[in-house]
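All chains should be modelled from the sequences, with the hints used to inform the complete structure.
So the sequence lines, in the order shown, correspond to chains R and D. Residue numbers for the first sequence follow numbering that gives the first Met the number 0, beginning at 0 and rising by one. Residue numbers for the second sequence follow numbering that gives the first Met the number 0, beginning at 0 and rising by one.
Wrong hints could be hidden among the right ones.
Heads up, the list lumps identical chains together, so a pair's fine if it works in one copy or across two of them.
[Said to hold, decoys possible] Calculated pairs, EDC-like style, for lysine to aspartate or glutamate (alpha carbon to alpha carbon, straight line, at most 16 Å):
hint, residue 1, residue 2
1, K270, E77
2, K270, D105
3, K270, E281
4, K327, D279
5, K378, E180
6, K79, D37
7, K353, E329
Hints in this document: simulated from the structure, not taken from any laboratory.
Okay, here's what each chain looks like letter by letter:
There are 2 protein chains.
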Amino acid sequence: MLTNVTVEDEGQIIRLAWADGASARFHAAWLRDNALDDRTRSPGNNQRLITVLDIPADTRIGEVSIAAGDLSLHFLPEDKTVRFPAGWLAAHVYDRDVRQQAGWTDETIHRWTRASMQNAIPRAGLAAAASHPSVLRDWLAAVHSYGFAVMDGLPAESGALLKVVDLFGYIRETNYGRWFEVRAEVNPNNLAYTNLGLQAHTDNPYRDPVPTLQVLACIENTVEGGESSVVDGFSVAAALQEEDPEGFRLLSSWPARFEYAGSAGVRLRSKRPMIELGPDGELIAIRFNNRSLAPVVDVPFDDMSAYYRAYRRFAELIEDPAFEVSFKLEAGQAFIVDNTRVMHARRAFSGSGKRWLQGCYADKDGLLSTLAALQENVKEAAE
Amino acid sequence: MLTNVTVEDEGQIIRLAWADGASARFHAAWLRDNALDDRTRSPGNNQRLITVLDIPADTRIGEVSIAAGDLSLHFLPEDKTVRFPAGWLAAHVYDRDVRQQAGWTDETIHRWTRASMQNAIPRAGLAAAASHPSVLRDWLAAVHSYGFAVMDGLPAESGALLKVVDLFGYIRETNYGRWFEVRAEVNPNNLAYTNLGLQAHTDNPYRDPVPTLQVLACIENTVEGGESSVVDGFSVAAALQEEDPEGFRLLSSWPARFEYAGSAGVRLRSKRPMIELGPDGELIAIRFNNRSLAPVVDVPFDDMSAYYRAYRRFAELIEDPAFEVSFKLEAGQAFIVDNTRVMHARRAFSGSGKRWLQGCYADKDGLLSTLAALQENVKEAAE
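Structure representation (structure tokens):
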């Protein structure tokens with residue numbers, strides 16, 4: 000509920016006060032572009048009907064008033080009155096200190112280590128997630144907050160992993176297929192298809208855009224070894240930043256290169272940093288894969304020694320058991336990782352048994368959209 | 000062919016000279032990590048078999064020699080000798096000035112305007128591209144260099160656009176389906192499905208990762224109007240930077256927000272800048288869509304007026320006919336755009352005819368991989 004509004008700077012700016020004591024300024028041009036009326040936004044699909052060029056360059060605010068706690072603004076020279084709910088304005092305040100330290104993440108992202116996560120692995124059953132929206136919502140929320148989750152109760156059969164993706168989004172098909180087999184092969188075109196251990200890594204950093212989600216489902220696992228583990232790349236990056244800010248700066252300030260050329264007709268190459276920050280310094284992605292790192296040629300010569308030291312230290316931290324959460328996938332279990340954040344690894348395996356996993360990629364846009372829609376429905380139902 | 004090698008800095012660095020007069024330094028740690036021997040890289044799939052932690056921290060170069068023009072290095076303390084071809088080293092030089100002005104792109108990216116492109120639209124026929132690798136290679140190279148191309152000779156039937164994607168990669172399925180209909184509807188959930196004109200835009204900026212390619216194929220087009228046009232976002236961004244460096248800086252330094260909530264169960268949201276630069280300042284993506292721009296809340300209050308002025312100026316330049324290349328898609332024609340660079344628009348249409356297009360998304364990883372493989376094959380065939 001709004002309690003006060005004043006016009007400043009000849010109508011270029013308004014200053015609002017809410018009943019809870021909060022206050023914030025907004026610009027006339029911003030308010031006009033974000034007007035909620037049905038001439039500005041399509042009532043059917045909420046898309047904006049106007050372009051920024053439809054807004055007069057000299058837009059300013061004339062009369063203002065508060066009615067039933069909400070804001071009413073009269074825009075000049077258009078002679079147009081628009082109403083803004085107090086709660087909508089409070090939810091879209093930008094008059095605050097937006098500058099943060101490089102490597103920040105928002106409060107919905109929870110970093111973890113072995114100590115905090117080994118006994119708290121987020122999990123759900125496939126049947127429950129498919130039939131109870133609140134179960135699915137909580138499982139998806141865990142993927143968003145922690146970057147991984149386990150799902151139990153899949154049929155131990157080929158293609159079952161698609162049922163996981165069907166819960167929230169769409170497969171990202173690649174040259175590996177809609178999904179791919181992960182088992183020891185005689186002439187593997189990828190080291191994943193051997194019984195070797197694999198260092199913690201993100202998948203396919205040589206792809207741009209990188210697949211942002213990966214699902215690995217287990218159909219059979221009776222070997223000795225072959226345990227899975229996950230490492231929170233955001234936790235490790237923060238640890239690197241804490242002990243070596245310059246190393247963090249180097250890995251985030253220069254692109255690495257990744258390449259995969261293991262099959263005929265495939266020459267996948269990317270140029271992206273190991274630690275990716277948004278333009279406002281937000282930590283948005285980790286790329287780490289010893290197998291596919293290509294020669295790094297975009298780091299200045301004078302920084303290369305320090306860059307390699309930082310890469311080595313980053314790798315050491317990733318291997319530190321204090322960051323590793325491990326589990327052995329049983330038949331009928333799957334796990335999902337946010338492939339822009341959480342690295343996964345497997346131990347070497349041997350013995351007379353069989354280890355048969357299937358993997359696939361998907362994307363976070365669909366997952367986060369489904370999560371947001373479920374959260375909105377639950378909130379609406381509670382109101 | 001190498002002519003000289005010297006060891007510097009107690010084995011930490013070597014300095015090479017080639018027969019053509021070029022010279023460059025390399026670091027011991029970099030060379031060791033990128034060694035080409037079959038203990039370091041898998042001969043079968045070329046993936047690296049070691050991690051950076053397998054390389055001794057005190058790696059240095061002992062003896063060096065040139066044999067048959069190539070380099071032979073002896074690494075200590077491993078007591079390991081590795082050979083590097085002179086050409087490979089020349090292709091991976093990083094001892095150069097890597098710092099460039101923000102907004103740079105590499106020499107394979109050609110910016111264009113109406114004047115340079117209206118009469119030089121890259122195009123190929125589907126049958127020729129499907130049967131002649133050199134035709135496909137040139138068409139894909141045009142998509143890489145210019146960010147768009149036309150394809151003729153599709154069957155004028157539903158689903159024909161999949162034949163275009165089959166040439167190079169994979170569909171990106173989304174909530175809109177594997178592909179979607181673009182025609183006027185009675186209750187559209189998207190303004191694309193009306194007969195309204197659409198300002199030049201990139202598709203789905205509310206998706207992260209954004210679809211990096213879009214194909215639009217025409218099955219029927221007998222209306223008045225409805226012409227398609229494309230605008231090179233990289234050219235427009237460069238023009239903005241030229242006339243208003245501070246505006247370019249603002250649009251590339253702060254994230255925008257995009258949102259689509261036009262269907263039940265769909266709440267797609269992203270936070271990415273309108274002009275995206277890599278960490279080394281490379282111009283890597285444009286996002287521009289008046290319909291789905293959400294309230295921008297990550298720009299500092301004191302910068303918001305200037306940010307909106309820059310956004311407006313960017314929009315004016317995008318609307319400038321000097322940047323617009325236009326064509327009318329006929330039945331059996333399709334065009335592809337690099338959705339991270341080239342905006343597309345359509346004019347409003349009317350009349351008694353019918354306009355039926357189908358659209359789909361795909362990704363650049365597959366396209367660029369196919370292009371690189373074709374280029375390599377052609378090069379090998381010529382050698």
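Quiz item: With identical chains treated as interchangeable, where does the CA-CA distance between K353 and E329 reach 16 Å or less: within a copy, between copies, both, or neither?
Solution: within (12 Å within a copy, 55 Å between copies)
Quiz item: Quick one: K270 to D105, C-alpha cut-off 16 Å, is that within a copy, between copies, both, or neither?
Solution: For K270 and D105, the Cα distance is within 16 Å only across copies (12 Å; inside one copy 26 Å).
Quiz item: Checking K378 and E180: alpha-carbon separation at most 16 Å within a copy, between copies, both or neither?
Solution: neither (40 Å within a copy, 33 Å between copies)
Exercise. Classify it for me, K79 with D37: is the Cα-Cα distance of at most 16 Å met within a copy, between copies, both or neither?
Key: Classified as within: same-chain Cα gap 12 Å, cross-chain 72 Å, threshold 16 Å.
Quiz prompt | Alpha-carbon proximity between K270 and E77, which holds within one copy, between copies, both or neither at 16 Å | solution = Close neither inside one copy (47 Å) nor across copies (30 Å); limit 16 Å.
Exercise. Check K327 against D279 for me: Cα-Cα at most 16 Å, and say if that holds within a copy, between copies, both or neither.
Key: Neither way: K327 and D279 sit 39 Å apart in one copy and 41 Å across, limit 16 Å.
Quiz prompt | Alpha-carbon proximity between K270 and E281, which holds within one copy, between copies, both or neither at 16 Å | solution = between (19 Å within a copy, 10 Å between copies)
Violated hints for the displayed structure, listed by number in ascending order: 1, 4 and 5.
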